[in-house]
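> These are the residues of each chain, in order.
4 protein chains.
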Amino acid sequence: MLRVGIIGVSGYTGVELARILSGHPQVRITVATSRQHAGKFLSEIYPNLRGCVDLTCTNPATEELSQLADFYFTAVPHKTAMDIVPPLLRAGKKVVDLSADFRLRDVSVYEQWYQQHTSRELLPEAAYGLPELYRERIRASRLTANPGCYPTSVILGLAPLLREGLIDPATLIIDSKSGTSGAGRGASVASLFCEVTDGFRPYKVGGSHRHIPEIEQELSVLAGSQVTVSFTPHLLPVSRGILSTMYARLTRELDLAVLHKLYEQTYRDERFVRLCPAGSVPATQHVRGSNFCDIGLALDRRTGRIIVMSAIDNIVKGAAGQAVQNMNLMHGFVETTGLLGAPFFP
Amino acid sequence: MLRVGIIGVSGYTGVELARILSGHPQVRITVATSRQHAGKFLSEIYPNLRGCVDLTCTNPATEELSQLADFYFTAVPHKTAMDIVPPLLRAGKKVVDLSADFRLRDVSVYEQWYQQHTSRELLPEAAYGLPELYRERIRASRLTANPGCYPTSVILGLAPLLREGLIDPATLIIDSKSGTSGAGRGASVASLFCEVTDGFRPYKVGGSHRHIPEIEQELSVLAGSQVTVSFTPHLLPVSRGILSTMYARLTRELDLAVLHKLYEQTYRDERFVRLCPAGSVPATQHVRGSNFCDIGLALDRRTGRIIVMSAIDNIVKGAAGQAVQNMNLMHGFVETTGLLGAPFFP
Amino acid sequence: MLRVGIIGVSGYTGVELARILSGHPQVRITVATSRQHAGKFLSEIYPNLRGCVDLTCTNPATEELSQLADFYFTAVPHKTAMDIVPPLLRAGKKVVDLSADFRLRDVSVYEQWYQQHTSRELLPEAAYGLPELYRERIRASRLTANPGCYPTSVILGLAPLLREGLIDPATLIIDSKSGTSGAGRGASVASLFCEVTDGFRPYKVGGSHRHIPEIEQELSVLAGSQVTVSFTPHLLPVSRGILSTMYARLTRELDLAVLHKLYEQTYRDERFVRLCPAGSVPATQHVRGSNFCDIGLALDRRTGRIIVMSAIDNIVKGAAGQAVQNMNLMHGFVETTGLLGAPFFP
Amino acid sequence: MLRVGIIGVSGYTGVELARILSGHPQVRITVATSRQHAGKFLSEIYPNLRGCVDLTCTNPATEELSQLADFYFTAVPHKTAMDIVPPLLRAGKKVVDLSADFRLRDVSVYEQWYQQHTSRELLPEAAYGLPELYRERIRASRLTANPGCYPTSVILGLAPLLREGLIDPATLIIDSKSGTSGAGRGASVASLFCEVTDGFRPYKVGGSHRHIPEIEQELSVLAGSQVTVSFTPHLLPVSRGILSTMYARLTRELDLAVLHKLYEQTYRDERFVRLCPAGSVPATQHVRGSNFCDIGLALDRRTGRIIVMSAIDNIVKGAAGQAVQNMNLMHGFVETTGLLGAPFFP
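Residue numbers (my numbering), protein chains in the order written: chain A, 1 to 346; chain B, 1 to 346; chain C, 1 to 346; chain D, 1 to 346.
Honestly, the hints are just simulated from the structure, not real lab data. Note that the coordinates shown come from a computational prediction; the quantities given were computed from them, not determined experimentally. Check each hint, because a few of them may be wrong.
[What the hints assert, rightly or not] Chain D residues, not near chain B, derived (Cβ > 12 Å throughout):
hint, residue
1, G23
2, T58
3, P60
4, W113
5, Y114
6, R120
7, D168
8, G179
9, R185
10, T197
11, R240
12, T251
13, E253
14, D255
[What the hints assert, rightly or not] Each computed PhoX-like pair below joins lysine-lysine, with the alpha-carbon atoms no more than 25 Å apart:
hint, chain 1, residue 1, chain 2, residue 2
15, A, K40, C, K204
16, C, K261, B, K40
17, D, K204, D, K79
18, B, K40, D, K204
19, C, K79, C, K261
20, B, K94, B, K79
21, B, K204, A, K261
22, C, K204, D, K40
23, A, K79, A, K204
24, D, K204, C, K261
25, A, K261, D, K40
26, D, K40, A, K40
27, D, K94, D, K79
28, A, K94, A, K79
29, C, K94, C, K79
30, A, K204, C, K40
31, B, K261, B, K79
32, D, K261, B, K204
33, C, K40, B, K261
The beta-carbon is built from N, C-alpha and C at its ideal position, and this holds for glycine as well.
With the rest of the complex left out, here is chain A (with noise of 0.2 Å):
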């Protein structure tokens, strides 16, 4: 059993760790911190574990931490994260961190839209955490960067198109879509209940939301030139749930039958991504508590243009299962332990 720690449990990312972990054969939970949480059961503040996951809240020293587990997930806020992450590295450990703070390989790029960055030095060796783009460097990492929640529904939705040149990057606009467990489990008057019920609205708009250079960054990549694109993400008023609209020029004439082709050869061994039949398109609430992509396509043959959309669950495939499936790489268990329970629905 590998013992696995996870530092930050009492957000809504750190709980579906646990709640995940708690379901993999091969893992204990051996700490859970929660600085505000610290002494309590993780079932008090998550009723529905209890019975599930007998986990109890601690708040250890840095240095007492790193003794605590082997593998150490940190769900944690940027900035604090670059802090945590070192020691735990010098101890010996391996991390999968969610947090922004090594996402980014350009550090120029990362303080221009988050902070000051004092440990530059672990950026050239951490993988970014998409195992369908990284899966080797990802086994091969003891630091992993696991993806924001849009660029992983982005990236997986574009990767074929742009690694084959089929559309004009300059043209590609996603607009995208989000539950709000996306917006964390901070009291704020705009998270709540009345504010986001029977209601839908863009935030961020016009080139400002910090996923934007983690998503370039990756199409630049699989590009082979400099993407930059127009990115909008909105509030849905539901728990859980990423579905990303996606929009490009193609570069020549295809057919939809050509398109999928292609799809299905690039994802054919990813147990996680699911391309949608032709005619048929994602929804979030059929990826919901899953580790699923699903990933539909359209032409518009008025327009030339082909219609990419992606839904993932925002906290599993966009946070906490895709840490796992990391993990699961990075120690050397089957890709897919633990994270093939089916979404449910209704």
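Here the structure of chain A is known, so what remains is to put chains B, C and D in place on it, guided by the hints.
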């Protein structure tokens, strides 16, 4: 008191007409038809109206129908409308038709997207019922084609830019999201609570939604050249509301302040268009139950694109409210009569 | 035009007062206070009101406050109210207080459930603001204590039965369910969208909710003897609405038709109480946004119990709407002025 | 591997059986029937199952059906079940029937609430499939009648009190609230998203819901005397979940601590019953997707009543999960196999 008739009162649009018209101080509903519910009080079907709207659903023969009121709203499916409207006009009545039958000026476009048109002789005289664009035509008309819900949100959002030639129409992407009331009150599995709640999905992707020719007709008039758009509708887990997010490349570099001024000038005298202050965005929950269209603007300097966002209540400004606004114009009432209720939130 | 003031305009009740009063033809809001948002337009905080309600939040000193209007609504927490109300009365103003501070006639009961009362001298003159029971007292009063939301739904539902001695008060069970707006606009984890949506739970079970003494006070008056009730509130994943399901044993065998007739007679002249026809039940979605209280009755012959169900919009008939109804009475306006908008559905 | 069949796989209960059974390590689904969808992949009807459950819906003749599996779940409407079950038993198969047809031991009660019973000879041997009460009978049975969703929540909540004679059954009031999935997947106006969302209402009030005789049968066994209850179901705007709030007068004065101890002792060895700690309450969102029944207790000293609250997922512990639990018992598997997934939240 103007005697008004509602043909098709038992759908979500029909009942909203009844609700709005019952608060209009200068009209009286003298006939409200429903094949399915003839003989019942409307408040049996919609108990919210008990004590507020005292109407009995009837199903009079066509010849009788035209004696029962002086102004008609036809809230019936397309194809049915083209049968019902002509006899009403022949009887000297005015009509606001809420179906698609008289919206498209080019009958061949209509027949390509719908079916054969049997009242094509009326197309030249039908006014397109978007008062912000066609106020004088509507005033002078005896037949007004009330716009579709998506087109209302899109056209109001883009009109100022297209008229001034500030965006390249070839780059237009329209990503729209609608509440479930847009699907009507028909019993269908796809509209069941359990299928829609806590979920989100696109539909009719790839240029197949029937509002596309209507959108393109009006955008082309505004642009002065043929416009073809990419339009993708999505289904929101809310009852009411449409939010359209629209992307286009600017034809020249412009400040957001300049664009805001343009919109302010365009809509200065429009009581039902509200421009969101710079930095803020529209939200469906802020127009719910009202005849407002809220418009927000953002510039993405990184890509040279403008993002226009517009929000309406699909049953009010997107249907029944706009129909009453058109009646007010056609009959010579003050345009805003009966329509100034504030949206309610939460 | 009556000059009215809203003390505490930025909460959900305050803003609903602003919405309703702005549609009232005989009043003008001349002051609207908010400590937190002083200096802002109300429509910055609630963009739904943009173009509808032109108010700036202020925070005047107490002495100044009483010069700014002639009629006041105090929509502040209990304890704050008992400080604010007395100077307004001393300045010769009339007040509808929406807090709990003047609802309980027995100061010892108040102090047992809340805290020390510092304005107890006002209790004897405060009218309990349920017009259906205390219309004449309210008309004559300068201080009206607006009822709590749960009590409004409960008292209106049970009044006819208790007055006639038709149920045994000792058997009364009240199971109430409220929308989340009842929790107010404070930032709290328990009211976050993700904590409330797609869920349902009781709270303050076992006789601890502070609306209990208020319910018992009024039911006791009606019954002519001390009534003690079991009352359990629950939290619904809806914004607005309270539905109370109330159970009691009949003191003698009675037909449902007889009971219906009793309710019809009791509420015949009450514009805001709507009796559901036999066989139908009230629903929160049918009173949303309105000042109506819908009441339904059922007999369970197998157990000899009557079940009374009542539905209100907790912010309207349960708070702001009823407050305006009280103002209308106190100032001599027609009681229903500004309050006759039909509930909207869907 | 046990070969299992699902008769009626395309309803919400059937598909949940498919989801749960596909994660059960000791069974294989060898037949899944659907008249309406015969010939389709189940994952066409429920795309959430794509890549997880590989089943084709079929519609075999009865004689063929009984060859295709060794254990059957009949998830069909009552009346249909009594036709399908007997031939399966004659063919030597075991059956868990999820309809109401074999739940009531007294055929006259069945015929009073439903219709004529054509397989009454099976009633004496059918086990009532609530393992917490009838574990040994279920183990020994070839036919188990899976309990209704409401009865499961009610009986588990009240069993300890009734068995010990601690409450007066004549005072029992059961106020239950169910998610909309309980209404099934049939296309009906009453279950449309727009009719249910943002609303709440009771239904079948006054002792007319068909789960009443089932509840009373089991409560009477527990009490040792005929119990008649007041039971009111309500419709929640959630997909899954039932919460029952139950009121009764204690027969003698008791501390909450004593009552807690009683429940702890009763359910100590029950893996699927979770007792909420004193002061906390169950919530449907904390059992969603799981086979748990959460129970909370409160005392109302003012009225001498106990309030018991129980929450289940109506499709899992209230239907498909409990059916699998029964299969595990009947076939000799470990009772919890396939059923230990943690509820997920948010």
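> Work down the list of hints and note, for each, if the structure agrees.
Here's how the hints hold up against the structure:
no., hint, in the structure
1, G23, "holds, 21 Å"
2, T58, "holds, 21 Å"
3, P60, "holds, 24 Å"
4, W113, "holds, 26 Å"
5, Y114, "holds, 25 Å"
6, R120, "holds, 35 Å"
7, D168, "holds, 37 Å"
8, G179, "violated, 8 Å"
9, R185, "violated, 6 Å"
10, T197, "violated, 6 Å"
11, R240, "violated, 9 Å"
12, T251, "holds, 41 Å"
13, E253, "holds, 44 Å"
14, D255, "holds, 41 Å"
15, A/K40 - C/K204, "holds, 22 Å"
16, C/K261 - B/K40, "holds, 23 Å"
17, D/K204 - D/K79, "holds, 21 Å"
18, B/K40 - D/K204, "holds, 22 Å"
19, C/K79 - C/K261, "violated, 42 Å"
20, B/K94 - B/K79, "holds, 19 Å"
21, B/K204 - A/K261, "holds, 22 Å"
22, C/K204 - D/K40, "violated, 49 Å"
23, A/K79 - A/K204, "holds, 21 Å"
24, D/K204 - C/K261, "holds, 22 Å"
25, A/K261 - D/K40, "holds, 23 Å"
26, D/K40 - A/K40, "violated, 49 Å"
27, D/K94 - D/K79, "holds, 19 Å"
28, A/K94 - A/K79, "holds, 19 Å"
29, C/K94 - C/K79, "holds, 19 Å"
30, A/K204 - C/K40, "holds, 22 Å"
31, B/K261 - B/K79, "violated, 42 Å"
32, D/K261 - B/K204, "violated, 58 Å"
33, C/K40 - B/K261, "holds, 23 Å"
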